[in-house]
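Protein chains in written order, with the working numbering: chain U, 1 to 323; chain X, 324 to 646; chain C, 647 to 969.
To be clear, the hints were calculated from the coordinates, so they are not data collected in a lab. All values derive from a computational prediction rather than experimental measurement. Built from N, CA and C at the ideal position, the CB exists for glycine as well. Heads up, some of the hints might be wrong.
Unchecked claim - So the derived label-pair ranges between C-beta atoms look like this:
(1) C/904 <-> X/626: 54 to 64 Å
(2) C/655 <-> X/341: 35 to 45 Å
(3) U/274 <-> C/737: 19 to 29 Å
(4) U/130 <-> X/332: 34 to 44 Å
(5) C/949 <-> U/258: 53 to 63 Å
(6) X/332 <-> C/831: 38 to 48 Å
(7) U/89 <-> X/490: 48 to 58 Å
(8) X/581 <-> C/737: 34 to 44 Å
(9) X/492 <-> C/938: 27 to 37 Å
(10) X/355 <-> C/655: 50 to 60 Å
(11) X/492 <-> U/7: 32 to 42 Å
To be verified - Here are the computed lysine-lysine pairs in the DSS-like style, where the Cα-Cα straight-line distance is at most 25 Å:
(12) X/361 <-> C/686
(13) X/462 <-> C/952
(14) X/367 <-> C/785
(15) U/44 <-> X/629
(16) C/785 <-> C/690
(17) U/44 <-> C/690
Given next are the chains, with one letter for each unit.
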Amino acid sequence: MANIIQPLKHFTKFESITQGQKLIEQALIYKENPNLDKAKGAGKRIGCIFLNPSLRTRVSTQLAALNLGMDPIVLNMDKEGWALEMRDGAVMNLGTVEHIKDAAAVLGSYFDILAIRAFPSLTNKEEDRSDFIFSQFVKYSGIPVVSLESATRHPLQSLADQITIQENWSGKSKPKVVLTWGPHIKAIPHAVANSFSEWTLGMDHDLTITHPAGYELDEEFTRGATIEYDQSKALEDADFVYVKNWSAFNEYGKILSTDSSWMLTESHFQKASTAKVMHCLPVRRNLELSDEILDGSRSLVQQQAKNRIFAAQAVISDLLEQL
Amino acid sequence: MANIIQPLKHFTKFESITQGQKLIEQALIYKENPNLDKAKGAGKRIGCIFLNPSLRTRVSTQLAALNLGMDPIVLNMDKEGWALEMRDGAVMNLGTVEHIKDAAAVLGSYFDILAIRAFPSLTNKEEDRSDFIFSQFVKYSGIPVVSLESATRHPLQSLADQITIQENWSGKSKPKVVLTWGPHIKAIPHAVANSFSEWTLGMDHDLTITHPAGYELDEEFTRGATIEYDQSKALEDADFVYVKNWSAFNEYGKILSTDSSWMLTESHFQKASTAKVMHCLPVRRNLELSDEILDGSRSLVQQQAKNRIFAAQAVISDLLEQL
Amino acid sequence: MANIIQPLKHFTKFESITQGQKLIEQALIYKENPNLDKAKGAGKRIGCIFLNPSLRTRVSTQLAALNLGMDPIVLNMDKEGWALEMRDGAVMNLGTVEHIKDAAAVLGSYFDILAIRAFPSLTNKEEDRSDFIFSQFVKYSGIPVVSLESATRHPLQSLADQITIQENWSGKSKPKVVLTWGPHIKAIPHAVANSFSEWTLGMDHDLTITHPAGYELDEEFTRGATIEYDQSKALEDADFVYVKNWSAFNEYGKILSTDSSWMLTESHFQKASTAKVMHCLPVRRNLELSDEILDGSRSLVQQQAKNRIFAAQAVISDLLEQL
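Given only the sequences and the hints, what does the whole structure look like? Please build it.
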């Protein structure tokens, strides 16, 4: 059935369970044999545009591109002082040096694929929700665009997470997946939590989301999940527990709680003895998640990080089909 | 006749009409077939040294080198905290960490070709005019040097501009080319304007330069052009209109005008209905140039940007001949 | 005999004279023929992690990796805002975003070899001496690690220095090597001086170290050298004079002298007429070392810099043996 799925035009979000399963399977094939399609991308270039810093995402995307024989070129626009104008019709007599529509069009004419990271402001809810920066790149570049985390989603992370769940689940029934809020000292975007929810539900797993009151996520991403405010109840019989901080969505970008009792330790797993723990990294140890969990046998965090390479490779490989 | 032109030693300025025509023709060949000379630069390395930030220039040079099979290595010396000492005989007991003569010699021993961006200070006219930093790299590196914009010239941009003019001109007589000053809020270098004038005159086109009084460019670059202070008169019957801001040259580095009537809109083209508009990018929209021009059919700016790749490829390919 | 030496597990310090000689010989082979082992590293990736800035080290390591057919990926973690937590058990509720043990493990799973630069604080002597940051990368990455300069050593520089000495010594007896302190205005790490002493003694050369009182280096590195506080006496009959500033080791990180009479000029060589002068670069001219020496025939500094490529290539080639 995989052969009748249309190749991706862009990779910005969850599309369908068949598409998701196809990407997971392709990623696992590449994990076994990273150089399988070394010739597929020869002579093709992917531009990796970072409006925000990155380590794992940047390196895993570069490696994925190299595995496919492509030339990856990284542009740290945040660090390289290239402030983009976002407003249509703006009179650019202040700090911005280039309009996103011009920059996107040039980059679109230089590369075969663009991969872009653009975090939310966390101050303008509607602009963030519209994924404005990201959609401008899609609109003006004219070439396939891969999200390296947008204002609202982090689909490559979520694909890597689903690969990891599949690798660690041999049960016949659906796994019980729990997404739990963890404490943090900074206002953190919703993208990882949104995307994890979207993909976990989309892949037809059973999802429970737990967080302090006020931390409800955008329902666009969580519809179909069980919301349970009592963390200990949510964790009962969990197979996979995904830990992530996010700032409030309703009181947009606010920090409402730093309650350390939400940080998982072994004692939280009394009714979920075999549960595995996931986190997208970077993790603030002993704030978001305890040393004992991260250094113990429940942790899948390194496996998730490794799978980022093959998630990106499967996605880029799929995008290459249309070129 | 092209086959008797000597290969370039360095690429820092306009050399001759035959050399210019040879590079344009080679660039157009590469535009048709970017991988034509994929083996030519195999195993060769180009070091791209940025003392000032860059997006288009950096990426287009990297792509040009990759098209020729070379390994490009980028050094953002401005961002990476490597302050170079420029003064001969200096006692280096202040902020500079390495003398340009040592750095240039090392880079010259590491690479096969160096490409360098070094903006002017706009405060020391004679030092800027002598292209001091640039000439030190030429002197001490001992290898071919490509200008990625020096204090006084931006020849790769100008080559891309001439390629674009050739692509858009099928007339039998010389095209009428107009270089018009446009407003800006910052003090901008003269390099693009100087080089455009030098190349346009060198390629034997008809050039009119128009700007507010006081914005006269260095005559070294403009000798042979018509200087016309009335912009509307200058634009009459224009075939190509190149828009660029620059700061004053006589009152060196000063901003003398931000008169917004100099910004081109459709109403400026009543007597030049078929004129094409050019700009090197990045452009500050609605300050230097209006949305209606940039988004309309007169605009060649994206074509110019794309041609940067093939301009660089033609130049690097020529420099490889001597290695 | 070379064929019975075990391949390196990591490259962080001097190991043995046979290992040293093997690396020198291999480097000289690569200098003659850089592309000899172009296929050896194909498909392998080296991650070059800079916690501190670098020019020569970064480029020479990239070139060495390219010569071996590897893909080098550079991460300027200092500039890219990725503050690592170093303390075990820390509650990460301040500025650090990722624990070194997590970052090192991820990088270890992404690359085949890691190369790391991590300077000392010069404020915490015991932590610096333990090469803490460096040892954490060795411990948690699980892959071969190359030092690009640690808190205490700079072994790739020292290997390049020994290659340079061998290239310039045809005498039958041991050369007399002098390591002389030179003035500087900043507090400089001990790594280059430590390593040069360690390697010069390890390669069984005759070593005299001269410096103002109070600048004694850590005896761990200098045991076996002659310490001579009178610079002119130390220089007598020298064959090679290595110039380097370092801050005090006993009064840790302090600047005790900036006495300019310690800066070498031609007049210092009256009793060492054929002596060659070495420096690792970057050098502050006319502060650490005079123009007349650097620009004269005694200077080997450019040769040392060039040999950095082949030192790195020999080391990485050796590390590839175990993969």
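For each hint, the structure was consulted:
Take residue 904 of chain C and residue 626 of chain X: their Cβ atoms lie about 58 Å apart, and the range 54 to 64 Å holds. Roughly 59 Å separates the CB atoms of residue 655 of chain C and residue 341 of chain X, a value that falls outside the hinted 35 to 45 Å. In this structure, residue 274 of chain U and residue 737 of chain C meet the distance hint of 19 to 29 Å, their C-beta atoms being roughly 28 Å apart. As the Cβ distance of residue 130 of chain U to residue 332 of chain X is approximately 53 Å, the hint placing it in 34 to 44 Å is violated.
Evaluation of the 53 to 63 Å hint for residue 949 of chain C and residue 258 of chain U yields a pass: the beta carbon distance comes to about 58 Å. Restraint check, residue 332 of chain X to residue 831 of chain C: a C-beta distance of roughly 39 Å satisfies the suggested window 38 to 48 Å. Taking the beta carbon of each, residue 89 of chain U and residue 490 of chain X are about 30 Å apart, not inside 48 to 58 Å as hinted. The given range of 34 to 44 Å is broken by residue 581 of chain X and residue 737 of chain C, whose C-beta atoms sit roughly 53 Å from each other.
Here the CB-CB span from residue 492 of chain X to residue 938 of chain C is close to 57 Å, at odds with the stated 27 to 37 Å. At roughly 51 Å, the beta carbons of residue 355 of chain X and residue 655 of chain C sit within the given window of 50 to 60 Å. Checked against the given bound of 32 to 42 Å, the beta carbons of residue 492 of chain X and residue 7 of chain U, roughly 40 Å apart, stay inside it. About 22 Å separates the Cα atoms of residue 361 of chain X and residue 686 of chain C, which keeps this hinted pair within 25 Å; it holds.
With a C-alpha separation of about 18 Å, the suggested pairing of residue 462 of chain X with residue 952 of chain C holds against the 25 Å cut-off. A C-alpha spacing of about 37 Å is found between residue 367 of chain X and residue 785 of chain C, which places the hinted pair above 25 Å, so the restraint is violated. Restraint check for residue 44 of chain U and residue 629 of chain X: the C-alpha separation of about 16 Å stays at or below 25 Å, so the hint holds. A threshold of 25 Å between alpha carbons decides the hint, and for residue 785 of chain C with residue 690 of chain C the separation of about 21 Å falls inside it, so the pair holds.
Between residue 44 of chain U and residue 690 of chain C the CA atoms are separated by roughly 20 Å; this keeps the pair inside 25 Å, and the hint holds.
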